[in-house]
Amino acid sequence: MTTTDKTTPGNFFEDFTVGQTIGHATPRTVTEGDVALYTALYGTRFAVQSGAAFAEQVGYPRMPVDDLLVFHIVFGKTVPDISLNAVANLGYADCRFEAAVYPGDTLWATSEVIGLKETSSGKTGIVYVRSTGRNQRGETVLDYVRWVMVRKRDEASPAPDPVVPDLPGAVGPAVLGAACPTIDRGQWDTTLSGSPMRWSDYQAGERIDHVDGMTVEEADHMMATRLYQNTARVHFNQFTEGKGRFGRRLVYGGHVISLARALSFNGLANAFHVAAINGGRHVAPLFAGDTVFAWSEVTETAELPDRTDVGALRLVTHATRDRPCADFPGRTEDGYADGVILELDYWVLMPR
Amino acid sequence: MTTTDKTTPGNFFEDFTVGQTIGHATPRTVTEGDVALYTALYGTRFAVQSGAAFAEQVGYPRMPVDDLLVFHIVFGKTVPDISLNAVANLGYADCRFEAAVYPGDTLWATSEVIGLKETSSGKTGIVYVRSTGRNQRGETVLDYVRWVMVRKRDEASPAPDPVVPDLPGAVGPAVLGAACPTIDRGQWDTTLSGSPMRWSDYQAGERIDHVDGMTVEEADHMMATRLYQNTARVHFNQFTEGKGRFGRRLVYGGHVISLARALSFNGLANAFHVAAINGGRHVAPLFAGDTVFAWSEVTETAELPDRTDVGALRLVTHATRDRPCADFPGRTEDGYADGVILELDYWVLMPR
Amino acid sequence: MTTTDKTTPGNFFEDFTVGQTIGHATPRTVTEGDVALYTALYGTRFAVQSGAAFAEQVGYPRMPVDDLLVFHIVFGKTVPDISLNAVANLGYADCRFEAAVYPGDTLWATSEVIGLKETSSGKTGIVYVRSTGRNQRGETVLDYVRWVMVRKRDEASPAPDPVVPDLPGAVGPAVLGAACPTIDRGQWDTTLSGSPMRWSDYQAGERIDHVDGMTVEEADHMMATRLYQNTARVHFNQFTEGKGRFGRRLVYGGHVISLARALSFNGLANAFHVAAINGGRHVAPLFAGDTVFAWSEVTETAELPDRTDVGALRLVTHATRDRPCADFPGRTEDGYADGVILELDYWVLMPR
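Protein chains in written order, with our numbering: chain A, 1 to 352; chain B, 1 to 352; chain C, 1 to 352.
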């Protein structure tokens with residue numbers, strides 16, 4: 001960590017070198033308190049993460065923590081070192097959930113710089129990092145690449161040799177499922193889980209409007225983002241943001257992802273586990289007062305090697321603001337339909 | 001559950017038949033996290049549900065979960081199947097708390113349709129259900145009747161034979177107290193509990209102004225209602241509600257009940273357990289920005305059979321918005337006094 | 001407790017006598033749920049209170065609860081009896097954290113009246129109390145003096161003999177550290193804790209701008225204050241406060257203290273434990289919508305007797321509203337600089 005005197009101004013583009021490993025503060029024990037807050041913030045209803053008796057009956061040793069809560073906590077740790085001076089969060093790739101997290105586990109994170117490229121303006125550069133979240137036993141629970149555009153401290157600094165990592169367009173189905181124990185399909189009660197639709201009921205090309213909408217408040221998204229110990233200033237400081245580009249605080253992009261995931265229960269109730277995120281794009285910002293809607297397309301179905309208990313669906317979920325999704329707004333010839341704020345490409349597991 | 005393709009539009013009047021049993025999603029493990037959120041949302045101060053050392057000293061095996069938190073969670077489970085297409089929530093009856101709930105218990109719910117009656121408009125019908133909440137051992141923790149006015153899918157559908165259940169005006173005191181262990185009266189410390197007033201200090205006819213007021217915010221009531229996994233759209237979706245009858249999101253009626261109960265501590269500090277709800281009426285809607293006040297009338301006092309540890313008070317609590325209750329606003333000749341939003345008739349237990 | 005009929009109007013100046021001991025309701029079990037909410041409300045990142053694995057590695061038997069959460073809970077208990085009729089909260093002194101609090105501990109509080117002095121107006125008086133928070137084993141966890149200006153019930157009541165306690169200007173370093181186990185300095189990982197700066201890196205006279213700002217919402221501060229079961233009406237009741245001096249709800253002063261402490265992580269990341277509060281002054285009120293900033297001055301460094309593991313820093317932290325702190329706004333010739341809302345003098349411990 002670069003420290004100027006006692007406080008940290010965050011790292012600038014010049015502070016990163018390819019191959020560098022960065023350890024992040026602060027270790028974070030995930031508890032039943034976090035789980036309750038996650039429910040209160042999103043209204044999520046997936047049975048495995050809501051009912052211990054259900055989770056244990058289908059094969060989990062205990063009720064696991066929601067995958068996206070794990071993602072947000074690990075992501076939050078990386079912010080002070082990676083993206084405090086970021087101009088834009090450009091993308092995610094190759095994100096895999098590799099071990100289930102249970103209440104009581106302590107998460108911590110490191111990042112390796114895997115690419116650097118100055119932008120043509122000479123004022124910023126793109127930093128590629130692979131961030132890894134681990135538990136108190138050192139086991140990897142989450143691994144992902146993200147790239148952000150970061151300010152240079154000094155525009156006159158020389159550009160580093162550009163290194164752009166070769167990233168997969170999607171996580172292959174062969175490596176999915178490491179965080180999911182063997183599921184006892186016969187014990188999967190579809191009344192309790194909320195839908196009779198299992199993996200084999202979904203087909204590639206199918207589109208699902210998740211129907212419901214959820215309005216976001218300033219207090220909501222700030223509580224969420226503080227819960228994740230994410231320190232990005234744009235989410236919290238109205239005094240400064242009021243004078244900035246939007247005149248308002250921005251909602252953390254991960255908050256949108258969790259809202260979309262919670263809304264997707266209506267249509268994907270048995271998609272109990274996010275196994276991987278292939279890529280994601282925050283197409284436009286979300287502000288408090290806006291109402292979020294979502295729809296999903298199944299883009300691929302896949303079996304997992306040597307597993308007959310669960311199958312994988314590859315989904316592209318779009319979230320919108322103040323626009324219901326009955327007409328499936330998404331990409332257009334020259335960008336995205338009005339109102340689209342998120343396009344997320346990911347794998348979920350479902351009982352077969 | 002009626003499923004149109006993958007998403008559920010909720011049940012319409014035609015989907016219900018008398019005698020039908022409906023299993024509800026999603027099982028929900030109640031934790032210390034939920035208890036903390038419940039305190040943060042209402043500021044409740046009843047000693048048995050706040051201090052484990054107090055609860056254990058007076059006779060509970062552990063600190064129990066607030067009765068109304070149990071009610072809201074069970075109620076929330078029924079919403080997607082019973083009241084997603086409801087025009088109005090008409091009433092509750094015969095609600096009994098039958099077993100204490102402790103952190104770690106997993107709650108799930110079923111409903112039996114016990115009555116159906118088409119309304120004179122031919123556009124809606126009244127559905128009566130008995131809903132039952134159970135724990136992970138299958139024990140009933142809560143049982144209640146509610147009736148709601150539900151839209152017909154097709155106005156041309158024939159009316160079913162009307163069946164209107166015979167409902168008790170009140171729960172009889174003889175069946176109260178199943179969820180309450182024997183209380184050691186000598187161990188009940190009235191300094192810690194907040195009041196020297198025990199059961200015998202209250203008389204039928206007594207009216208108590210609870211004095212304090214609590215302002216509701218959008219973030220508050222939405223966090224509460226999501227915590228209960230209650231999916232009723234009117235509480236969450238400003239985009240749609242902004243175009244609707246009120247132009248705003250409605251606060252969940254149960255949120256009002258919990259606010260009134262928390263306010264009632266000032267005057268009823270030793271009323272540690274809600275044993276039954278005889279009936280309730282949401283007289284007018286509550287919106288964010290309004291301040292809730294409450295007052296109660298003791299309408300009956302009762303001994304419990306074979307118990308000398310606790311006695312029962314029957315209360316009618318009124319909640320108001322933006323109207324202090326020093327003048328006890330309630331029923332008038334042609335309805336309710338201005339500002340009244342809730343009339344709740346229930347039984348509480350107090351140490352003798 | 002003075003009770004008028006069934007509800008309590010709070011105590012007036014005439015109800016207090018020097019030497020009187022007041023037991024407070026309601027005992028409160030602190031849980032992992034409270035810890036999660038505390039994180040969500042402030043975004044605090046000190047490693048000892050965030051990561052159980054970190055806390056245990058450096059010498060705690062388990063992850064302790066944040067010191068200020070303990071303070072707020074104990075303080076909240078005293079409000080109904082001490083300050084419900086307070087006109088002003090005048091000061092704190094001699095506040096010591098004497099035992100660590102862990103999830104599962106039940107806190108309760110008593111206060112002793114140690115001073116009384118009628119004010120010259122004859123309408124109010126100053127009440128000095130020493131309040132003590134204890135756990136379920138009766139061990140003192142927190143002890144502090146505060147004084148408040150309280151209304152008289154009747155202006156004609158005679159003034160009591162004035163008794164003004166002799167209060168220390170600061171807690172002496174010799175008594176600090178009772179709530180802190182021996183810390184294994186070699187196990188203190190400064191990457192995980194967020195800063196390489198240990199006790200010996202700080203000097204008296206040093207000033208640190210904590211840089212970041214946090215905007216407060218009505219829902220935030222009310223959830224916090226309800227979580228602490230603090231019943232002071234000015235925080236909750238817009239109906240009444242809307243007609244009052246400010247036209248708005250006031251944010252609980254302790255909320256400002258916790259915000260300032262959380263912001264101080266940036267510059268004081270290893271200041272893991274608040275050991276004592278020497279004094280504090282709420283210079284001006286805070287309202288929802290305002291953004292809080294903070295800066296600190298190190299006013300003294302001290303070794304602890306017989307301890308080589310940790311050292312103490314005496315800090316004076318100032319919080320402001322809508323004013324960044326790069327120019328260190330504080331006391332001026334005739335008061336405080338514009339925007340200053342808090343001046344807090346306290347001791348923190350850091351690993352040596």
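Check each hint, because a few of them may be wrong.
Unchecked claim - For the chain A half of the interface with chain B, some residues (derived, Cβ under 8 Å), not all of them:
#1 I22
#2 G23
#3 E32
#4 V211
If you are wondering where the hints come from, they were derived from the structure by calculation, not from laboratory data. Glycine residues also receive a C-beta, built at the ideal position from the N, C-alpha and C atoms.
Here is how each hint holds up against the structure:
1. I22: Not OK, violated: I22/A not within 8 Å of chain B, min 31 Å.
2. G23: violated (29 Å)
3. E32: Where the cut-off is 8 Å and the nearest Cβ of chain B is about 4 Å from E32/A, the hint holds.
4. V211: Since the shortest Cβ distance to chain B is 5 Å, the answer is holds.
Violated hints, in rising order: 1 and 2; the structure is consistent with all others.
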